[in-house]
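A.B. asks: Residues per chain are reported as follows:
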Amino acid sequence: MANAEAQGIPADVLELHKTLERTWTRGPGVLGWLCSTNHKDIGTRYVVTAFISFALAGILAALMRIQLSRPENNFLNPDLYNQIFTTHGTAMMFLFAVPVMEGMAIYLIPQMLGTRTVAFPRMNTYGYFTYLLGVILLFSALLMNVGADAGWFAYTPLSGPQFSPGKRVDVWSQMITLTEIAALIGAVEILVTVFKQRAPGMSMNRLPVYVWAMVVVSFMIIFAMPSIMLASGMLAMDRLSHVNTHFFNAAEGGDNLLYQHLFWFFGHPEVYIIFIPATGFVSEIVSTFARRRIFGYTAVILSLVATGFIGFGLWVHHMFATPIPDLGQSFFTASSMLIAIPSGIQIFCWIATLWTGRPQLRAPLLFVLGFIAIFVMGGLTGVMLASVGIDLQTHDTYFVVAHFHYVLIGGAVFPLIGAIYYWFPKWTGRLMSERLGRWNFWLFFIGFNLTFFPMHILGLRGMPRRVYTYMAETGWGNLNLLASIGAAVIAVSVVLFVINVFLSRRNGELAGANPWGGGGLEWGSPSPTPSYGFLHLPTVRGRYALWDDPTNASLIKGLSIKKREVLTVSLLDAAPQHKFELAGDSLWPFLLTITGSGSFIGCIFTPWAIPIGAFFSWIVFAAWFWRGSEPKFVTEQAAKTPDEDKSRIDLLHQRTALQSLNKFLNFGHLPQDTLGHRSPIWWGNLFLLVIETTMFGILIASYLYYRNIDFVQWPPPSVNRFPPIYNPIPDLDLPIANLALLLVSVIPMAITDWACLKRKITTVKVAFTWSILLGIAIIVLRFYEFPCLKFRWDDNAYASTIWLIVGMHLTHLIVSTCENLLLATWLFTKGLDDKHARDIRVCAVYWYWIAGIWILLFGLVYIGPRVL
Amino acid sequence: MAHPAAKEQGGEGDAFKHLLLWIGAVGAPIAWAIQFLIIYALVPHVCKVGASKSLHITSAVFILLGVSAGVLSWWNLGRKEHSFEEERESIIFMSRMGLMTSAMFTLIMLAQIIPTFFIDPCWQ
Numbered sequence: 101m102a103n104a105e106a107q108g109i110p111a112d113v114l115e116l117h118k119t120l121e122r123t124w125t126r127g128p129g130v131l132g133w134l135c136s137t138n139h140k141d142i143g144t145r146y147v148v149t150a151f152i153s154f155a156l157a158g159i160l161a162a163l164m165r166i167q168l169s170r171p172e173n174n175f176l177n178p179d180l181y182n183q184i185f186t187t188h189g190t191a192m193m194f195l196f197a198v199p200v201m202e203g204m205a206i207y208l209i210p211q212m213l214g215t216r217t218v219a220f221p222r223m224n225t226y227g228y229f230t231y232l233l234g235v236i237l238l239f240s241a242l243l244m245n246v247g248a249d250a251g252w253f254a255y256t257p258l259s260g261p262q263f264s265p266g267k268r269v270d271v272w273s274q275m276i277t278l279t280e281i282a283a284l285i286g287a288v289e290i291l292v293t294v295f296k297q298r299a300p301g302m303s304m305n306r307l308p309v310y311v312w313a314m315v316v317v318s319f320m321i322i323f324a325m326p327s328i329m330l331a332s333g334m335l336a337m338d339r340l341s342h343v344n345t346h347f348f349n350a351a352e353g354g355d356n357l358l359y360q361h362l363f364w365f366f367g368h369p370e371v372y373i374i375f376i377p378a379t380g381f382v383s384e385i386v387s388t389f390a391r392r393r394i395f396g397y398t399a400v401i402l403s404l405v406a407t408g409f410i411g412f413g414l415w416v417h418h419m420f421a422t423p424i425p426d427l428g429q430s431f432f433t434a435s436s437m438l439i440a441i442p443s444g445i446q447i448f449c450w451i452a453t454l455w456t457g458r459p460q461l462r463a464p465l466l467f468v469l470g471f472i473a474i475f476v477m478g479g480l481t482g483v484m485l486a487s488v489g490i491d492l493q494t495h496d497t498y499f500v501v502a503h504f505h506y507v508l509i510g511g512a513v514f515p516l517i518g519a520i521y522y523w524f525p526k527w528t529g530r531l532m533s534e535r536l537g538r539w540n541f542w543l544f545f546i547g548f549n550l551t552f553f554p555m556h557i558l559g560l561r562g563m564p565r566r567v568y569t570y571m572a573e574t575g576w577g578n579l580n581l582l583a584s585i586g587a588a589v590i591a592v593s594v595v596l597f598v599i600n601v602f603l604s605r606r607n608g609e610l611a612g613a614n615p616w617g618g619g620g621l622e623w624g625s626p627s628p629t630p631s632y633g634f635l636h637l638p639t640v641r642g643r644y645a646l647w648d649d650p651t652n653a654s655l656i657k658g659l660s661i662k663k664r665e666v667l668t669v670s671l672l673d674a675a676p677q678h679k680f681e682l683a684g685d686s687l688w689p690f691l692l693t694i695t696g697s698g699s700f701i702g703c704i705f706t707p708w709a710i711p712i713g714a715f716f717s718w719i720v721f722a723a724w725f726w727r728g729s730e731p732k733f734v735t736e737q738a739a740k741t742p743d744e745d746k747s748r749i750d751l752l753h754q755r756t757a758l759q760s761l762n763k764f765l766n767f768g769h770l771p772q773d774t775l776g777h778r779s780p781i782w783w784g785n786l787f788l789l790v791i792e793t794t795m796f797g798i799l800i801a802s803y804l805y806y807r808n809i810d811f812v813q814w815p816p817p818s819v820n821r822f823p824p825i826y827n828p829i830p831d832l833d834l835p836i837a838n839l840a841l842l843l844v845s846v847i848p849m850a851i852t853d854w855a856c857l858k859r860k861i862t863t864v865k866v867a868f869t870w871s872i873l874l875g876i877a878i879i880v881l882r883f884y885e886f887p888c889l890k891f892r893w894d895d896n897a898y899a900s901t902i903w904l905i906v907g908m909h910l911t912h913l914i915v916s917t918c919e920n921l922l923l924a925t926w927l928f929t930k931g932l933d934d935k936h937a938r939d940i941r942v943c944a945v946y947w948y949w950i951a952g953i954w955i956l957l958f959g960l961v962y963i964g965p966r967v968l
Numbered sequence: 058m059a060h061p062a063a064k065e066q067g068g069e070g071d072a073f074k075h076l077l078l079w080i081g082a083v084g085a086p087i088a089w090a091i092q093f094l095i096i097y098a099l100v101p102h103v104c105k106v107g108a109s110k111s112l113h114i115t116s117a118v119f120i121l122l123g124v125s126a127g128v129l130s131w132w133n134l135g136r137k138e139h140s141f142e143e144e145r146e147s148i149i150f151m152s153r154m155g156l157m158t159s160a161m162f163t164l165i166m167l168a169q170i171i172p173t174f175f176i177d178p179c180w181q
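Respectively, the protein sequence lines represent chains A and B. Each residue of the first sequence is one higher than the one before, counting from 101 in this note's numbering. Each residue of the second sequence is one higher than the one before, counting from 58 in this note's numbering.
Chain B with its partners taken away, still in its complex shape:
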């Protein structure tokens, strides 16, 4: 096990790598949050124009982003061999969390898009 001081002051040097880890971990939830707000705000517009295409396209784009966050986490997981122990543990943890959040929030986005195929946007 590496000494806690082994990487003294080196924490911010790997900023980009760390950013990728965070994007992988919270990318899918953020994608879901944006998709959710957009499709909710679009409902009155969809009612006016009479086509749900914009809802489907928006959801597809963000589902893709959610999946991409999972792919990024998978890629992050692959580079754990090059790090010292504390960092390796962090990478494994963040990447696994990213894989799980990606799966969960992609599922939620899929669940939310299902009603758009069955419910008329003008019903209230």
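In isolation and in its complexed conformation, chain A is listed as follows:
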């Protein structure tokens, strides 16, 4: 402290810093690490874990390149090669590309928005641990010779029980579930943070381009990821003994093309989920280093939004070699070509920004220029592949491998590394070495083109993908050797990058708060950013907070500094609305990961893992919910004062443009987040419902897809059972009664909702009890509904689909009723406070949705077979 005072830091500022550090810094030791919910901790972990996955997957790529460097090589055997190329692709797509982009967003977005952390910090921690288990699962399986080996897409029937016995594909499918849960949580976090926790004055038209990019990507994740979760889940059920569904079993009415549709409905948007955040990086870097605002802000945002939408209209171009009608394919050709327009608009805007600015050619900008060159080439081959004729010629050849590496490495990895160079000071307070950065760039650029350009030619000469070797007579040897040499150059470049990170972390040039002179709000806090972000939360007066009149932008007072409180604002104009208290550090997210993910991993072996895991997860969830029930050793640990080490206090000396201001706006009078307003929790619940609705929507689409197959009779008979059932039209009496009961249950729930708003506690108690009792009755009756269906889940694909629809809805009923029971227990034992009244209202909305979606599903399951 004496040191700080010697540096001239006012005592009140120092006191504020120390109080905020106590509030926001995680506890010490391993326990503190496990419990941390700080977005900077979690974001950094995502990025580090993703880069470790990148390195491991890169090593696998190097092994493949060694194997292919000469014809008829025996360095790897075919079985190991299959595992290696599958794990490489899977890890790069699921464990590196998406998580690293979300991790960067989780780290950067609260700082760019001028808030202290993300909206649901504990869910954030839970998402990270779930993702981490996915990483461990995939790579440990490879080490144990049960690595996934059916390609990163695991097409059926190759991945089905008949052609892929053993557990390799099951490992893949459960890894998908784990990583997609994490991705969905991250997307909801980001959306709610952006919608509700911006600095006052940061209206939607003033959002940084990178934040807009992440908004678009988060929406894409919400609509795309349920499809792959469902596909991988259906595949797992097809494979699991004692379950034996037939979703993709053609012999029992299943369809392998449906799997491809489900996979690519996710898989193509995935490319843009990876690429769009990178364009956000590019926009930020270009404007900073060109010393001017981005050219055509509105056009750039239009491009992001348009790419986000059109990205969903391309999936069939991965299936041009399947028997889909030509006319249907032509629609996808059109959108595959037209998506070049928004990408082109962005590229022209970046070029115009550089052209009209005063560019400074530093390492981050070098990577951006490399990106533009490589991505344009990848984009051009993409337009070529949009044509059915060219696609058929090059399908499953190395031409496609070259194309997607140009798009993904050029389009995402180059800007990502540039972004690490650019924002490195926010992590460490130091700059990365410029000299090593230039070596890093040129080696990567040259190595990349040496590796992947020859693959275009190899593909055009007919070299197929996913082959472990080739004959010398093919003449592919020299180009493959060239590609392998290029891979070695890339490896050297990556090693240089790692060395640069480690050296600069300790010995790099001190950066100061805003080393590049950037205009974004993140440069308004010291470097490295303290655990709490900003000493005083800022307001903004323009699109570039530090360039647009920062001296007249006020700072915010009136929020608690002794609890984790942030400001919430309105959606469009960022007008201040409430104070919102966030949850503190906790062990429960980690424990829930163990029970929940343990259940997914366990069901690789037995379906009983699901109910057992659900039971233990419920216990953890209940403990998590029960405020004050954090284990004592956790609360004691968290209460310890963080070390007041010299480096942190020194940071205060690095005054920023924002923190040197003395103009304050006092928002102390704002209410705490209360009933009747669209709170972050309301928004979080809304996005959850969107995810769930998408999931059911995809199931309905699957049902209609089966219906579109030319069955002689619909529903198809269950001839595998004894005695066979030739007319499986489901009974209606009990299901109609149960539907009526479900609709009736909405009435007490609506009364509960209204009574919570009016704080009529007795009415809440009575109505809530009735709605729970009705919920339990509906669940019991639902079990009796299954016999009304007249078939078992393993009779045929139709039966599997119907059971899945009814079973998933039943699961929602059970989960919702359990939540309501928990809230009721609180209500009857501790009364009704604001927080729990809001929670009950959120659960009421969930119940309305359950009832509403069942009307649709009921029509499909019970009326559909009679009329469709």
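Don't read these hints as lab results, they were simulated from the structure. No incorrect hints appear here.
Simulated pairs of lysine-lysine, DSS-like, Cα-Cα distance not exceeding 30 Å:
no.	chain 1	residue 1	chain 2	residue 2
1	B	Lys-74	A	Lys-858
2	A	Lys-679	B	Lys-74
3	A	Lys-930	A	Lys-679
Following the hints, put chain B in place on chain A, whose structure we already have.
C.D. replies: Frame of chain A, contents of chain B only:
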């Protein structure tokens, strides 16, 4: 420039106006997404019945909706004078974006309907 606190707590009060802005901005892309899914799903049916009328009618309806989103954005742009500065900027931004998305997605819908005049729905 209005103070950031000038419209404190007033954000949700203009919910309807804001809804119109969002409809203008993303109406055309949503129209395209629905049109796209419908015409793609209709192809086998069109092959069976032998007439592409349903494809053309569906596309025409959704092209009209896409254009309407653009018209709505144009109308939204006209009411910017009545707002304070932050809101006015938002209205201009959202409306311009709506005009651009409307133009782009109407173009895509038109591009996608062209093959229906030349390609037999039963070819595969």
